[in-house]
Amino acid sequence: RKEVEQDPGPFNVPEGATVAFNCTYSNSASQSFFWYRQDCRKEPKLLMSVYSSGNEDGRFTAQLNRASQYISLLIRDSKLSDSATYLCVVNGWTGNQFYFGTGTSLTVIP
Amino acid sequence: DARVTQTPRHKVTEMGQEVTMRCQPILGHNTVFWYRQTMMQGLELLAYFRNRAPLDDSGMPKDRFSAEMPDATLATLKIQPSEPRDSAVYFCASGSSGTPYNEQFFGPGTRLTVL
Chain Y
83 RKEVEQDPGP FNVPEGATVA FNCTYSNSAS QSFFWYRQDC RKEPKLLMSV
133 YSSGNEDGRF TAQLNRASQY ISLLIRDSKL SDSATYLCVV NGWTGNQFYF
183 GTGTSLTVIP
Chain C
2 DARVTQTPRH KVTEMGQEVT MRCQPILGHN TVFWYRQTMM QGLELLAYFR
52 NRAPLDDSGM PKDRFSAEMP DATLATLKIQ PSEPRDSAVY FCASGSSGTP
102 YNEQFFGPGT RLTVL
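As given, the protein sequences belong to chains Y and C, one line each in that order. Remember, the working numbering sits 82 above the position in the first sequence when you count from 1. Remember, the working numbering sits 1 above the position in the second sequence when you count from 1.
Isolated chain C (complex conformation) (with noise of 0.2 Å):
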């Protein structure tokens, strides 16, 4: 049963430290996407990446914010330093671009708390 992995799936940490998270899409995706979601802004998209490379991380906060592919099997997030209003779930997504209707399949996030 395929599916998508992130680790970890609980962080709690201080403002000001770095937070990292990373996700495993599954075998053969190609597209890895990272979401952020809260009650007050629903789900929102961070960034995007095609074979490895970012196509779109408008959604990102640069100055903190960044994504990374290292290789197929393994996306990053990370955030330094980190805030409370980064406070939320973190969730991967991968899909294949390849087909017809483009579906994404999502891990089970990470619950990231920062106080």
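Isolated chain Y, as found in the complex (with noise of 0.2 Å):
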């Protein structure tokens, strides 16, 4: 089983449309969790770190469900600027992996 797992879409939505992502991982114990966007042929780049309590950045919220091993990303009023790969991050257990999905990829419709 991978440490992390994504739904590797494609999700197609349109413009100002509400999309959301999830992503499980494995490791109970694992200790920090992040998303990261990658457009084409680019560097992945930190989207959002994702707290125990849940944090939201202007239209972006991202959960944290430990019970259930999974953390979530919500978008909301989606741009076509928003098209891109989503990739769910955990740091392991030991605190030195870092388990990338394979990534979710979303493309906004005008």
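Everything labelled a hint here was simulated from the structure, so no lab data went into it. Keep in mind that the hints are not guaranteed to be accurate.
[Unchecked claim] Sample of chain C residues facing chain Y (criterion: CB under 8 Å; computed from the structure):
id : residue
1  : Asp57
2  : Pro62
3  : Phe66
4  : Phe106
5  : Pro109
[What the hints assert, rightly or not] With a cut-off of at most 20 Å between alpha-carbon atoms, the simulated SDA-like pairs for lysine to any residue come out as follows:
id : chain 1 : residue 1 : chain 2 : residue 2
6  : Y       : Lys127    : C       : Lys63
7  : Y       : Lys127    : C       : Leu46
8  : C       : Lys63     : C       : Thr74
9  : Y       : Lys127    : C       : Arg10
[Unchecked claim] From chain Y, some residues computed to sit far from chain C (all C-beta separations above 10 Å):
id : residue
10 : Asp89
11 : Asn104
12 : Asn173
13 : Ser187
For glycine and all other residues, C-beta sits at the position ideal for the given N, C-alpha and C.
Could you fit the two chains together into a complex? Lean on the hints.
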């Protein structure tokens, strides 16, 4: 079983829509959680760290559910510029390992 | 605007040649990561340094790959000899182990093609 699993999509949504991604992780001792965004042929860029209490940054909301071992990302009022691949990242139990999901592809359609 | 830099950005070489990729982490960061990304495998961690010491290189093929940090401002990843299956984008990322969430910040990558 992979350490981090994501639905690869693709998710194709119209502008203005709300879209949510989930990501599950295998080890309950995982310590830190992140969402990164990666545009085509570019490097991953940190979108949000995911705090235990959940956190919001503008149109983006991240949640952590330790009991069910998943994190989520909610994007409200989707913009064309949100089109990208969203990577779920989990910092492992030793503190050294960072596990990346394979990414979820989002395309926002005019 | 602090950012991770990587050189070269693109490299085309022939099988059997040595390839050296360089990374300058963000000033003040004490952790450095090397990743490889392909369409088939996604992002794979190759090596991880903290305070210039290698902590984890279990993801790296030891027979041909080597990673070093000669000083706090330079990390290198070397492939010798290179093979076509090494063709990928190699990312360097840096972070600070003193922060609560250990975020990583990526460089623009080196796109390697081995013919």
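To see whether the hints hold, each was checked on the structure:
1. Asp57: holds (5 Å)
2. Pro62: At 18 Å from the nearest chain Y Cβ, Pro62 of chain C fails the 8 Å test, so the hint is violated.
3. Phe66: violated (18 Å)
4. Phe106: Cβ of Phe106 of chain C sits 7 Å from chain Y, so the hint holds.
5. Pro109: Given a least distance of 5 Å, the restraint on Pro109 of chain C holds.
6. Y:Lys127 / C:Lys63: Roughly 29 Å separates the two Cα atoms, so the pair is violated.
7. Y:Lys127 / C:Leu46: With a Cα-Cα distance of about 16 Å, the restraint between Lys127 of chain Y and Leu46 of chain C holds, given a limit of 20 Å.
8. C:Lys63 / C:Thr74: violated (24 Å)
9. Y:Lys127 / C:Arg10: Holds, at about 17 Å.
10. Asp89: holds (14 Å)
11. Asn104: holds (17 Å)
12. Asn173: violated (6 Å)
13. Ser187: holds (12 Å)
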